[in-house]
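I would like the entire structure built from these sequences, with the hints used as guidance.
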Amino acid sequence: MGCPAVTSCPIPASSPVTNGDLSSDVRNLEAALTACGLQVEAVRQCQEEHRVKTRTATKSLN
1 MGCPAVTSCP
11 IPASSPVTNG
21 DLSSDVRNLE
31 AALTACGLQV
41 EAVRQCQEEH
51 RVKTRTATKS
61 LN
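In the UniProt record's numbering, the protein residues as written are 1 to 62.
Careful: at least some of the hints might be erroneous.
Derived pair list, reagent style EDC-like, types lysine to aspartate or glutamate, alpha-carbon separation capped at 20 Å [claimed, not checked]:
1. 59 to 49
2. 53 to 41
3. 59 to 41
Label-pair ranges, simulated between beta-carbon atoms [as the list claims (entries may be wrong)]:
4. 2 to 59: 18 to 24 Å
5. 52 to 7: 33 to 39 Å
6. 23 to 50: 17 to 23 Å
Source of the hints: derived by calculation from the structure; they are not laboratory data.
Cβ coordinates follow ideal geometry from the N, Cα and C atoms, glycine included.
Written out as structure tokens, the structure reads:
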């Protein structure tokens, strides 16, 4: 079983006109960065688990 595929992390476009628009854009950017970070963390965790399993299997063969 492999790790999840990595997909691009789109950053939402921004063209604020008012302070309210800017606040909304900041919230959208924060949400996009959070989603991207969660994806990276899931892949990192999977790779670490795979590395541990590989080390354990290699040690048992020796």
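So, going through the hints one by one against the coordinates:
1. 59 to 49: Holds. Residue 59 to residue 49 sits at ~15 Å (cutoff 20 Å).
2. 53 to 41: 18 Å, holds
3. 59 to 41: Violated, at about 27 Å.
4. 2 to 59: 18 to 24 Å: 22 Å, holds
5. 52 to 7: 33 to 39 Å: Since residue 52 and residue 7 have Cβ atoms about 25 Å apart, the given range 33 to 39 Å is violated.
6. 23 to 50: 17 to 23 Å: 41 Å, violated
Against the hints set out earlier in the document, violations occur for numbers 3, 5, 6.
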